[in-house]
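**Q** One letter stands for each residue in the lines below.
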Amino acid sequence: MQRGRLGIAGWVALAVAALIMVAPLAWTLLLSLKNNAELVGHSEAALHGPYTLQNYGAIFGNSLTLRWLLNSTIVALGQTAGVLILASLAGYGFSRLDFPLRKPLFIFVLVGLAIPSQAVILVQHQLFAWAHLHNSYPGLILPGLVAPFGVFFMTTYMRGIPRELDEAAMLDGASRWTVFWKVILPLTKPAQSTLAVFTFLGAWNDYWWPLISATHSNMYTLTVGLAAAQMNYAQTSGLGYLMAQAVFASIPIFIVYIVFQKQIVRAMAGTAVR
Amino acid sequence: MTSARDWRGLLFVAPFLILYAIILIFPLLRGVWLSLNQVDLFGAGHFIGIANYVRLARDPVFATSLMNTFEVTLMIVPPLTIIALLLAIALNRAGKGAALIRGVFFSSAVLSVTIVTLIWRFMLAPDAGLLGYLAKAVGTAPPPFLSDAQLVLPALAITTIWWSVGFPMLLFLAGLQQIPEDMYEAAALDNASRWTTFRRITVPSLRRTLVLVVMLQTAAQLQLFGQSQLLTAGGPSGASRTAVLFLFETAFGQWQLGYTSAAAEVLFLIILAVTITQYWATGRATAQEAR
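These protein sequences, in sequence, are chains Y and R. Counting in the working numbering, the first sequence runs from 1 upward without gaps. Counting in the working numbering, the second sequence runs from 1 upward without gaps.
For the record, the hints were derived by calculation from the structure and aren't laboratory data. Positions of the beta carbon are idealized from the N, C-alpha and C atoms, including for glycine. Treat the hints with care, as some may be off.
[Claimed, not checked] Stretch by stretch, here's where chain R covers chain Y in the computed footprint (C-beta under 8 Å, at least three residues):
id, stretch
1, 105 to 112
2, 189 to 197
3, 223 to 232
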């Protein structure tokens, strides 16, 4: 794996780059630990003490931020579960079963990979308004379930599973559903976890759809709530409080990242090789 | 052994396909239809042919937003690709230290755009930002990154590069892992310089990854939205308004639905054309090399 020495110049460049990478994060953390009044007009006060946790205390006193955390969690878990179910079912159908129009329908799904969300968002907004789904959990979750990539990913993965396995089960009289549930699904665990992590990250960080669908502040997700907070921070909360919100909102996703690092790296490797 | 064609297979794909048709395909097609109509918030609208497209072609605000989009994409994609590639090469080694630094460079990629802009607002703001403070510390005036028409796109580009460097770096690392060790050993036996090795072995082996990174990043940056909406609201006076921000404003600010749809179709076609051109161009380059 190791390819030659990096050399002193190389290490210095790397250290500088890492510093540039970390400095904004450290600055945010320091600001979040300062008294708001002390920061007015003197944000450089963040570079020295005294530090305090009062801004984090204020977050727990503010039911709205906790509500946004709950909303983000519901939406991200809902989308993840939905995508796994829909993509696994469709992946099994496309990879294993023979039904009329199978090939054209699969190509029809692949077309979706090229559709950017900005090309459909306006009509999606109309559609959900017509169905009275804005400012609701189903309204926030549903558009994320339509993930052609998930279907493509699961189909490809299931095609790689030897057919002998399900054929043997079929000979034993198992139904298609039993084969799917008992034979195929347990074999796709690695693919499921990869897809789950990516869907969760995407859903948690999505800004575009909740921005237009959730217009009541109690239905905001954390991304939209933080956007609203930073746009009118001057009038309301202080800089320290705002940055504490940013840190608070990043903690869950950093935990997910640290726990599932392996899946993320493996998925990237898969993308690069394909 | 698969049995004869059986409609029951459809039951497995139907749940996805139904949602897909309603939530993605129908909006796509209806968007095309809306783009040929005059529609606002009230009233059903009426067919006006290509009038929306003609209006777009003459709309200086749309033209500026497209130019801004191209400019910021060009400011982001080449540096981002090169930085990610260099980082991947430097960090393609075993050991805890390298793993930790890889984690540092990927960490920003898991943040949402609203957190990223929050962080960078208070890096870039002349009065409250860290960069402003550092500028004052060395005795210069803090550059007004977010309020100067010349500086605002570079500021968005820096923010975006900081945010997005992790994914391409991981893609390149995965690509580097695929290069067989003996190719480098052979080069070492030939006393090839490090530069020659890089140019003759590393870059050609990473060609597919390079294409992938450039294509994905270009398509993503042509749709840059949150950074410009949140950091500058497209300002000062439209200098950082991107195409998607234009769409957002005409749709959800002014409710010009037909006009927005036309702009969305134009942007969709541009993204498609750029992606296909990049794919085709690299395909040709590879074919010529093989000859």
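**Q** With reference to the structure, classify each hint as holding or not holding.
**A** Against the structure, the hints:
1. Given as covered by chain R, the stretch 105 to 112 of chain Y passes the check, having 4 residues with a CB less than 8 Å from a CB of that chain where 3 are the minimum.
2. Here the stretch 189 to 197 of chain Y counts 0 residues with a CB under 8 Å from a CB of chain R, which misses the bar of 3, and the coverage is violated.
3. For the stretch 223 to 232 of chain Y, the assignment as covered by chain R holds, since 6 residues bring a beta-carbon within under 8 Å of that chain's beta-carbons and 3 suffice.
Checked against the numbered hints above, the structure violates only hint 2.
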